[in-house]
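Peer 1: The listed protein sequences derive, respectively, from chains H and Y. Position 136 of the first sequence, counting from 1, maps to 136 under my numbering, and the rest follow consecutively. Position 146 of the second sequence, counting from 1, maps to 146 under my numbering, and the rest follow consecutively.
These aren't lab readings, by the way, just hints derived from the structure by calculation. As the structure is a computational prediction, the values presented were derived from the model and not from experiment. Errors might be hidden in some of the hints.
Once the Cα atoms are required to be at most 25 Å apart in a straight line, the calculated SDA-like pairs of lysine to any residue come out as [stated by the list, open to error]: (1) Y/Lys11 to H/Pro425; (2) H/Lys296 to Y/Lys75; (3) H/Lys285 to Y/Thr198; (4) H/Lys71 to H/Ala164; (5) H/Lys296 to Y/Ile152; (6) Y/Lys75 to Y/Ala167; (7) Y/Lys156 to H/Asp282.
Partner residues are not named here, just some residues of chain Y that face chain H (Cβ under 7 Å, in silico) [to be verified]: (8) Pro23; (9) Pro91; (10) Ala114; (11) Ser129.
Note that beta-carbon positions come from the ideal geometry of N, C-alpha and C, so glycine has one too.
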Amino acid sequence: MSPVHLGIPVRPSTLTVSVEALTGATINQKLRGGLHTFGWAGPPSATAKAQANGLMIVNREDKFASCTPMKLGAPDGSHPTAGWSGSHGGTAVAYDTRVIDRTIVDIAAQGPGTELYLGLDSIPQILGGSVPPYSGTNLDGTNPATGGLTSYASFAGQVPSDNAIFADICVDIIDRIRSLDLVDLVYCGVGNEPDGGQYWTGGTATYFPHYAAVAGAVKAYDASLKVVGPELVNPLVNFTAWIRGLMVYLQGIDREDLLDGLSFHDYGDNGWILNQVCTKIDATKTELGWTAPLDKINGEWDKGPGPLPPFGEPDTKIELGDIAAAGVLQELMEMQRLGFARAIYFKNAYRADEPLDFGSGTVNDEGFWAPGNAFGVWARMGNASVVSHTLSGDPGLAAMAAVGDDDTIYVPISNMHYERNRSYPLTVALPGVATGRESTLWMIDRAHSNQYEAGLANAELQAIPVADVAVEQVRLTLPARCACLLEIAP
Amino acid sequence: VTVRIGAPAYKVWDPTQRQEREPDTLFLQDMAFEAAEQTSPPWEGGMLGTNEVSGLTIDNPPWRGGSAAEIVPGKYRNGLRAVGSRYLIRPATGIFPTGQWTWEHFLSSDIAWASLSSAQAVGIWNDYSQLITVTINAGTVTTIYRHDQAAIPVFKQINIASQTFAADAWVSIALTLAADTLRIYVNGILKTTTTGCTSPRLWGDNWNAPYGGLYISVNPHLAVSDMRVSALARVPGERPA
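The shape of chain Y in the complex, shown without the other chains (with noise of 0.2 Å):
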């Protein structure tokens, strides 16, 4: 049993320093502190294996062993990069909030960013009208931010381009949500400020779809670690409140 007793405060926000389980975490991506999330059956908690030419999710899941996606090191902790077409999922329910929030994580590559195509890192997916996704592709970060939970649909697709990483370096991407606005930080540096990003009354799961969910590395030359998801928006340099 791992047992971890205090409680650590809101932390001045670096997005690209190691990142704690602090008050408004809703998910925090720790391979070691999260061992359950790789060995443990669904019913326990565990994550999902799936395949994305199969589609099935029961498809070699790290509960019975298999390698739906394999344990690397990450940026400060472990983290999981996907094997071939499979990767892992998790329920997003409980652990993507609405209105405001961060969503942070490191990501590498060990190819090129340039020479990545179409490259899907992560991505909450409830189906093809609601969806926030992180791709790569040429060394451009592309963000889409889609939900019809709104009189207007929203679909926004923000492009960061020349984003030429070398390969094997680590990469501290960072979204925040507030005030209908979408920021995306890249290794700490505000690159882009879409507005009109307003929040649906819910995000979700596809529970008949076996690959809706929170995605965590789906490309195999990508590997993610030290994702967290939080429940409030940060600023670089401040506290939350």
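Chain H on its own, in the form it takes in the complex (with noise of 0.2 Å):
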């Protein structure tokens, strides 16, 4: 049995909210975005995705190109279907749509305003691309393994045999999904992981001029859609050869307009590679005189599975309980606090069947995991307005305040320590709010909004009793590893 730590002093932490001093920010719930459909290695099952559907409301989904079946020229039996490009004066390209449009229903059916992140990625097999299109039942999507759908097909990662084909051939996908008329298309990301050599074999001095082909015609379709890039996987180690690097060869070629905002993925973090990154950033632009705005995109990111070890152990899937809810909601406040405009949670949604090391997402058939809870608790703030606040102590602990049209205040709170046996008091000091005020702590922790560690019953989001506010402060004690959002009402 574990020592107890009765009488051990903690020293007090402080969250001190100034709930009429508005920041001119509001709460992002863009930030709550998931890559390919909420599936991995295969379709969710319909009763995960209907769990799911709401959690997540933009949908980062990517290699429309290398699963869409096509040909150079004019539409045939097989290709029934013209690009726009070939009557704008760009190269006559043919398609089969059935795979972006089913692919494109599906998001939709996520619901109304889903948002997609479009990954102009993986090249077509007439470009050069080593992946042929879907074809049987992938294209005719009777294949279970794969719904039809783009986002469990394989990757081409070859360096298309003509950018300006290539380029023509992701402005038909866009005008495809444009015409559908089913989901929201604001950021389109050129390539995927380009600096881990999975993803693209060329480089960078292949990617970059392969990316200004494709935001140029991007940009030339429609300037208002923002092009992004070059989502990296080690932004630290590439941040340089790869970030810099663009944006030294965009000035170069006096096309700074080409890039609307730097994405790269940010795995293993709890914020401070965040931090590292949007430092470099600032300091990029201050050294090359950049002043267009640039958005902040973290393309994909998780929460596990190291430190703890999750490697063959089936009884160390830890990363699916309340230190993954903790790092989720710590990461969100500090994307919010960075600034970023979107973010994509990788590893989502989850058959019941599928095994515990994918676990790590946010649904399954049975209910939110402890992860998709700390989404939901970043979902109750709505558009709240962010306020100013000052949290004093203790390192482990992250949070923020926001106070909604109605005058409801929001707290989430984060606490990242790592052992179990001790409590963390916090104190959240509310100047100028009423005693009386009923309050409401959302928990995610081990025994509460954790279907892993405390049970199936224990899928939704839960209240714990907590005093109402007196004496203009609210008084937590916050067990190790939670997520939580103290919700005070007007």
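Make the complex out of the two chains shown on their own, each in a separate frame, by following the hints.
Peer 2: As structure tokens, then:
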């Protein structure tokens, strides 16, 4: 049995919230993004998808170009749809658009207003890509392993034989998606992890002109679309070569306008990687005299598995539980603070029969995993206005504050402490807030809102008792490894 | 169940003396009191085994009865010594603050310090771009303080030469940070003062690298005991405010 640390004094932490001091920012709900239509190894079950609907409101999807049957030239029986570009001075390419259409319908089914973050990547076979387009049951959508969706296709990381044709194909795909009028399309990302070697075989020398060709074609099609890159997998090591390098390249061809944002992937972080990269972005903008705004995009992120050991140990899938939820909420707060425009969480929904080591997602057939409930905490805040707040004390705590239009006060809190056998006092100081306002504490910890550790009955976001506002404060005692939301009614 | 009741107040700081849990204590290496660190699985707060050669965390962790590190007698409490290329880590998130802190421990080598070669004793390792490490090499104590969460990246390498302690001697090494100034004490004596050590916004872990976190005894020659991390910067002879 673990030791009990009764009576050990802990230096108290205080979050001071100035509810009248609006910062001008609102909670960015577009940080609730997911990858690949809520699945990875295969489509999630209908039950899991139904659970997930509305949880993630941005969906990053890609591989449309390599999955879609296409041919250069005019339409024929197998490629009945002419692309937009061929009629507008570009390359004439004809398509069978069923894969595009089906995938977009699938994404749109996640709920009204779902936004597509479109990955323009994976090179079609007609331009040298190694992966043939969908055919047979993948094309008609009857293959249960893929659902006929692009999500579950292999990736073709070759350098296209012709950047201009690939760029026209990208525009044709965008035009087709828009014609369906089912999803919002704001961001287009060029490539996927080109610095990792697996998804782009050409290095920076081929990626930079490739980016410029694709972004140029998209902007020529619709200048209001935002094009971002380079979608790095290792932004710390490869920042200078890839991010700074892309900025220098675009300045060199006098096309800063082709870069609306910088996208990178953020694995294994508790915010320090985000802070490093954002610091470097700011410094590089200053160094290069880059004046145009650059949105920040977290193109993929997750929580887990390490440093907690996951490998081959069925009893160590700790990433499913409370520490993962704490990490998700902490990083959402950090991205909000740093002004990220979009964020795409990886490993989304899984069937109940998926191996647990894929389970650091948001939902399964039984309902929300603990990380899913952390996104639920974020969703509860709606578009509340962020207010000035100061957190003093324990380095394992993260918190912020926002006020809704109806004057509800929201205080999300994350406790990243690893040891379970201690508790952490936090005083939420609320100067000017009337005594007696009703408080609710939505809690994700080992025993609540956590089906992995607390059982299936604990899948939904749960509230635990908490004192109402007294003498302009609410006093909390937090367990280790928790994510919670203090909600104070108007 | 071990129960301790009482509220020890802040003590006047002498880094050579036995340290106790005080109100700002974020971590205290106490293998008796913190037995859970050694015997519990990671999801209960236990430490993790790692292996610098294989890079795997799940390498004979103590909670499975393995030997990633051995418990050895320490200066005041039992300590840890790495075994071969294996050692223990634990997540650093939540136990390492920014702005100001005190990080102290006792260190003993089973060979003379002059004979140690690039022997890392302790460290906070997030990535090669973000770390604090203490290493002994031929009698020189080298501390690296590095992060890139500043417009001008911070990279300080601080060498304290001529620390030629004998084998099996227990040596107090304490680092304090306050007002962007890093002070290093050896056996309670201030050895270096380094300015320009701005803090990152966050110290953390590397959840994808199985070797990120707080390192306690990385080298098999070195035993580490009584490590304490405190939220306040201490000054010898003074009581923390």
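Peer 1: Now tell me, hint by hint, if it's right for this structure.
Peer 2: Results for each hint:
In summary, the hint linking Y/Lys11 to H/Pro425 is supported, as the alpha carbons are separated by about 22 Å, within the 25 Å threshold. As the CA atoms of H/Lys296 and Y/Lys75 are separated by approximately 49 Å, the hinted pair breaks the 25 Å bound. Distance restraint check for H/Lys285 and Y/Thr198: the Cα-Cα separation of roughly 22 Å lies within the 25 Å cut-off, and the hinted pair is therefore satisfied. A threshold of 25 Å between alpha carbons decides the hint, and for H/Lys71 with H/Ala164 the separation of about 15 Å falls inside it, so the pair holds.
Using a Cα cut-off of 25 Å, the hinted pair H/Lys296 and Y/Ile152 holds, with the two alpha carbons roughly 21 Å apart. Under the criterion of a C-alpha separation no larger than 25 Å, the hint pairing Y/Lys75 with Y/Ala167 is consistent with the structure, at around 14 Å. For the proposed pair Y/Lys156 and H/Asp282, the alpha carbon gap of about 23 Å is at most 25 Å, so the pair holds. Given the 7 Å rule on beta carbons, the hint for Y/Pro23 holds: about 4 Å separates it from the nearest Cβ of chain H.
Evaluation of the Y/Pro91 hint against chain H yields a held restraint, the C-beta minimum of about 4 Å falling below 7 Å. Residue-level restraint check for Y/Ala114 is violated (minimum Cβ-Cβ distance to chain H is 34 Å; threshold 7 Å). For Y/Ser129, the interface hint holds, the least distance from its beta-carbon to any beta-carbon of chain H being 6 Å, beneath 7 Å.
The structure fails hints 2 and 10 (numbered hints given earlier, in ascending order).
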